[in-house]
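So the protein sequences, as listed, match chains A and F.
The first sequence lines up with residues 1 to 143 when you count with the numbering used here.
The second sequence lines up with residues 1 to 90 when you count with the numbering used here.
Just so you know, nobody snuck in bad clues.
A few chain F residues that face chain A, going by a derived Cβ cut-off under 10 Å, partial list only:
#: 1; residue: Trp-17
#: 2; residue: Pro-25
#: 3; residue: Met-29
#: 4; residue: Ser-30
#: 5; residue: Val-31
#: 6; residue: Val-35
#: 7; residue: Arg-67
#: 8; residue: Lys-76
#: 9; residue: Gln-78
#: 10; residue: Gly-81
#: 11; residue: His-83
#: 12; residue: Val-86
#: 13; residue: Glu-87
#: 14; residue: Arg-88
Calculated cross-link-like contacts (lysine-lysine; reagent style DSBU-like; alpha-carbon spacing at most 35 Å):
#: 15; chain 1: F; residue 1: Lys-46; chain 2: A; residue 2: Lys-4
#: 16; chain 1: F; residue 1: Lys-18; chain 2: F; residue 2: Lys-46
#: 17; chain 1: A; residue 1: Lys-4; chain 2: F; residue 2: Lys-76
#: 18; chain 1: F; residue 1: Lys-76; chain 2: A; residue 2: Lys-66
#: 19; chain 1: F; residue 1: Lys-46; chain 2: F; residue 2: Lys-76
#: 20; chain 1: A; residue 1: Lys-66; chain 2: F; residue 2: Lys-46
#: 21; chain 1: A; residue 1: Lys-66; chain 2: F; residue 2: Lys-18
#: 22; chain 1: A; residue 1: Lys-66; chain 2: A; residue 2: Lys-4
#: 23; chain 1: F; residue 1: Lys-76; chain 2: F; residue 2: Lys-18
Just so you know, these hints were derived from the structure itself, not from any lab.
Computed from a predicted structure; not experimentally measured.
Quick reminder that beta carbons are idealized off the backbone N, C-alpha and C, glycines included.
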Amino acid sequence: MVGKLFVRRRDARVEVRVSDEGRQLLRDIFVRVVAAERDPDHEWHAPLNGPINPSSDDDDPLATLKRQSDIASNAELSFMSVNEQFLNDGEAWAWLATLQVALRSTALAHGVLSDERLATCEGSVLDEIHTLQRLLYDLANCF
Amino acid sequence: MRGDTDSDVQVLTKRAWKVIVWNDPVTPMSVVVVVFRRIFGYSNNKCTHLMLTVHHEGRAVVWSGQRERAEEYCVKLQVAGLHSTVERDD
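Could you build all of it, start to finish, from the sequences and the hints given here?
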């Protein structure tokens, strides 16, 4: 991946300059987030369901339902627009949110809770994290 | 007596709740700034200041007010992938 992966155009749309291979990677990430939200046994399920109010035994079920619904909606919108050359603002935001959810889920699933742990990560996990960070850097610069 | 009880209830319901964002080792700083700007509508300077507070101190209070709204903001931050919780402002 060379050059900017996302560019904000004058018409406010975000141009996606990701290769076919990169889009396949994005497709896999978006599908994983949808699957994790639905499957309690998925390695990303727990990271997606952290506490809202840690001092309470249970969070408000409406709040957790809203979170589940919004994460899934963003991931589904991202998946549906993964082949687009240009993203509108809503789609670009959905991509950013879903990629960030995937990044933190990857880190938490591998116990990456500190800089020290990040530095000793196995290569494949580190590669995954760096790829997601690179996508997020470029996409965040469009906002 | 009744007046005191009403007053106690009012104090309890009006007590502020804080929305906390926690540091993590992987989230790009620019993403945090974008998410704060998008969700709260804060200025770029304020978002950057809050992001740096999270980065250096491990956490930052990004909003405080009524419990329901605090939980709404917390959910929005979690949907955007940030580590966020609410707590009572004692």
